[in-house]
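Trainee: What follows is each chain in one-letter form.
There are 2 protein chains.
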Amino acid sequence: MASHGFWFLGAENASGNGSQSPNTPRAWCQAAAQKFSGGIGSKLCALLNVGEAEKTAQAPVKAEDGSTAESCGCNKPCNCSKATVCFSDLYATDLLPALNGDAKTMNFLQEVVDIMLAYIVESFDRSTKVIDFHYPNELLQRNNWELSDEPETLDDILISCRATLKYAIKTAHPRYFNQLSTGLDMVGLAADWLTSTANTNMFTYEVAPVFVLLEYVTLKKMREIIGWQDGHGDGIFSPGGAISNMYAMLLARYKMFPEVKEKGMSSVPRLVAFTSEHSHFSIKKGAAALGIGTESVICIKADERGKMIPSDLERRIVEAKQKGYVPFFVSATAGTTVYGAFDPLMAIADICKKHDIWMHVDGAWGGSLLMSRKHRWKLNGVERANSMTWNPHKMMAVPLQCSALLVREEGLMQSCNQMQACYLFQQDKQYDLSYDTGDKALQCGRHVDIFKLWLMWRAKGTIGFEAQIDKCLELSEYLYNKIKDREGYEMVFDGKVAPVIKARMMEYGTTMVSYQPQGDKVNFFRMVISNPAATFEDIDFLIEEIERLGQDL
Amino acid sequence: MASHGFWFLGAENASGNGSQSPNTPRAWCQAAAQKFSGGIGSKLCALLNVGEAEKTAQAPVKAEDGSTAESCGCNKPCNCSKATVCFSDLYATDLLPALNGDAKTMNFLQEVVDIMLAYIVESFDRSTKVIDFHYPNELLQRNNWELSDEPETLDDILISCRATLKYAIKTAHPRYFNQLSTGLDMVGLAADWLTSTANTNMFTYEVAPVFVLLEYVTLKKMREIIGWQDGHGDGIFSPGGAISNMYAMLLARYKMFPEVKEKGMSSVPRLVAFTSEHSHFSIKKGAAALGIGTESVICIKADERGKMIPSDLERRIVEAKQKGYVPFFVSATAGTTVYGAFDPLMAIADICKKHDIWMHVDGAWGGSLLMSRKHRWKLNGVERANSMTWNPHKMMAVPLQCSALLVREEGLMQSCNQMQACYLFQQDKQYDLSYDTGDKALQCGRHVDIFKLWLMWRAKGTIGFEAQIDKCLELSEYLYNKIKDREGYEMVFDGKVAPVIKARMMEYGTTMVSYQPQGDKVNFFRMVISNPAATFEDIDFLIEEIERLGQDL
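Chain order of the listed sequences is C and Y. Reading the first sequence from the start, the letters are residues 1 to 553 in our numbering. Reading the second sequence from the start, the letters are residues 1 to 553 in our numbering.
Keep in mind the hints are simulated off the structure, nothing from the lab. Do not rely on the hints blindly, as some may be mistaken.
DEER-style ranges, computed between Cβ atoms [said to hold, decoys possible]:
no., chain 1, residue 1, chain 2, residue 2, range
1, C, Ser476, Y, Asn144, 32 to 40 Å
2, Y, Gly227, C, Asp470, 37 to 45 Å
3, C, Lys323, Y, Glu138, 50 to 58 Å
4, Y, Gln427, C, Leu553, 13 to 21 Å
5, C, Asp356, Y, Asp520, 41 to 49 Å
6, Y, Glu410, C, Glu259, 35 to 43 Å
7, Y, Arg315, C, Asp356, 42 to 50 Å
Every residue gets a Cβ at the ideal spot worked out from N, C-alpha and C, and that includes glycine.
Modelling step: build the complete structure from the supplied sequences, incorporating the hints.
Mentor: And the structure:
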């Protein structure tokens, strides 16, 4: 395995300042530090000292005044205030709610913030590695990750924070294309920090008044964008698209056979669901969990572009009915996981209407195109769906996790899932109980996933999201045109090429993109563009890098 | 409705410094600011100016130099550096990944951090209100929460952050007893901030190497504590106890009838599950979702202390078998939601063994007692369970959300839930694929819930968690003894008393505790002690406050 150092400093400088060409961490630290006033310079230095700090962990060097000697580690003055608090004498029990814990708490949290700020700046720097890859066993040995009976000092805790980020994947890096969720939005991040600070639960208005209102406002807005009249309907933010899809299936079943809630599947005829062969695996997972069974999910043929073929859907529905089965659910996909294909929603809506079947649109990936006046036509017909999954944590780059299920019929979620626990959803509360949303879902406690989306929306406006999405599609078109006629691409008949290139990518850490086979096609790279930090140059870099790493194959 | 101001300043001072007796926000700000060196003083001032800031939003006052005039608002010098950056001229598009966005990004994030630090210090201050309560319609009008096409300035975004915290429930407040999850741990908070910053997904080692390893290490440790040999077994962190319980039921069903995954419930006989009448509603919710039906969840009688009666369990199992049903799942509760009762696990384990039924322990609330040498006997027998739900976000006060499902049999989760999506779980990756945990659960993407627990565990050690839990139980005993013989308590025969007192609590904002009826008992207060910030004095306060607010009833 290639054993590169942490820093991958080349000609390109983090500061974009051509006058310096740093080639050591310390030089970079100084250069960066000079750019900022106040304590910010020192923030940039913090992360650079992970190596030193790790050594210090075994044998902390203490100065006469009780402060640790490590400090910032820079040769030049950069206003580091780290030495003023001696974290190696402090423990978690010295922090709030400890008596007089205010100042220590603020200093500790500020130190963690400094570590994070340095990581953030570094993540956007193309001259750093996307990943400092190590195999599991190797990573286990590189640090002490064990849990023990005795507490560690806050200094040790800070070291763990640095080490965790050192080996993290820089998902914000402009050359990270590996998943549908990429990038790191600064307003979204701030909102997620604030969410953690508020540390509450979405189940009742009582404990999350603002967040419950913001969820209400945002879901309504999303329904308006879908095209449901006056934004009427229902919805909830759930822990990911797979769960949102499962909720939709649960609702469809309940709508057709409400007795299933009490009596179970033995009270209903054999139900069958339909989705394209390119759809996400969560449809089958949901069917397995709900007691429907994966064999009752009928996979509809897709065309060569990955779109569901409506005539095949109708044929299979009729066939199922002839067998005495009850078709209850069609999941169309708006943006398939591998090809990014959009099923023809209008034609599917016609078929669902004709056969009286619940139409769900899994827009986990492609739903965000609704924000773009230029591209939303790809989802024409979504307004006729009964439900839709839409994950703002994908193409809208909201921090993980943020997935919405939108439902056209009001009240159905509540009646499908409610158990009316009297300890939580007391009916004699002083406020309007429709704001207690906890009984609409299977979760009891529910993480606050709304604030980051809401705050980003305020910060960008709808037009800001639109611009971001349009740019992703523009980059995607650029990539397509670039490789269309390029020699070597689409010429791969050996399924081992992509995995080898990918493994090399991770070891060099220069970029990350996913691969897989599909149907009769051998392993190919699945290029995802959702990263707001990516530019045309990053696309060029990726193409060159794949060629470079695969040269000998 | 009582319309108190934001600050509830009394004789008690945030600083615990008796020399000052501030009675206005500004005086408090100055007093607090004097305590801290550097920029920290100013941090305390930030939140105090929400009112002013909100006004500024409509008509921002700009100084000649382009900086906003609001600044800190203090009369005294307190090192405020806020005026140096003019956020009212900046937009989200000025932040990273924008060119030269580093400094602006750091300044913006630092400003958000300052707002949060002030909120944190305030949250632990007994002289502030737990909640600044407003009815939904009123809260909707108090601020502009709408989403629009156009972007807002970063100044507006900061105002939204302040407003959101102003109306938030202070779940860290020492007098917040309203839910099973209370308190705010500083190391846990730091870890959650870092988790947001790393912004990745738990499904593969590839994108979350450190977090996947930490989950592995922590789950193993938890299994050792349960008492499973050498910590063998399996597990996952899921989005809450309700989902963990549902996962357990799913596994139990699959273990007995693996064909259910493909063929659905129509391929199996009628299954029945058993749980106590005091168990959490998620057992029924899970049964409804999985197609088992709520009628197939048989509620076993509990004794007057709320514990499941084993002889009734056995009787109902035999009865079910006689009807031709198949008992497949018993969910015992370790710490019921309302009484905090522990079912007799040893006796239940005997019955499950005799009848060959999967034994699950819902220890969402009480599982944490396993960390206490003094109290863990209450869970004797848990080592014989097939699975256990354990929510560190409850009595261990880990930030929301953090729920573990632990499973004794290795490999079962994978075979029950896997769909082997070839775009994610490629079998030709370069590393050990057992670290790709995503196919063990129903979720596809999975939020990183592990780091906060792991970092807190490192910071406290097992003995630190033990001390925290022992203290909660000590406070609980103190409360019990105090009200045991007190006049007026347990004398309430009118179910309207508790809701009225609770409504008054929220309007005054002095404390928060939940209430409900149970069986033939009318509304009573359910006192939860999981808040590490609570002391004996807070218990005294609560008792007095309930009396004061209910005096005229």
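Trainee: Give a verdict on every hint.
Mentor: Hint check results:
no., hint, result
1, C:Ser476 / Y:Asn144: 32 to 40 Å, "holds (36 Å)"
2, Y:Gly227 / C:Asp470: 37 to 45 Å, "violated (57 Å)"
3, C:Lys323 / Y:Glu138: 50 to 58 Å, "holds (57 Å)"
4, Y:Gln427 / C:Leu553: 13 to 21 Å, "holds (19 Å)"
5, C:Asp356 / Y:Asp520: 41 to 49 Å, "holds (46 Å)"
6, Y:Glu410 / C:Glu259: 35 to 43 Å, "holds (38 Å)"
7, Y:Arg315 / C:Asp356: 42 to 50 Å, "holds (45 Å)"
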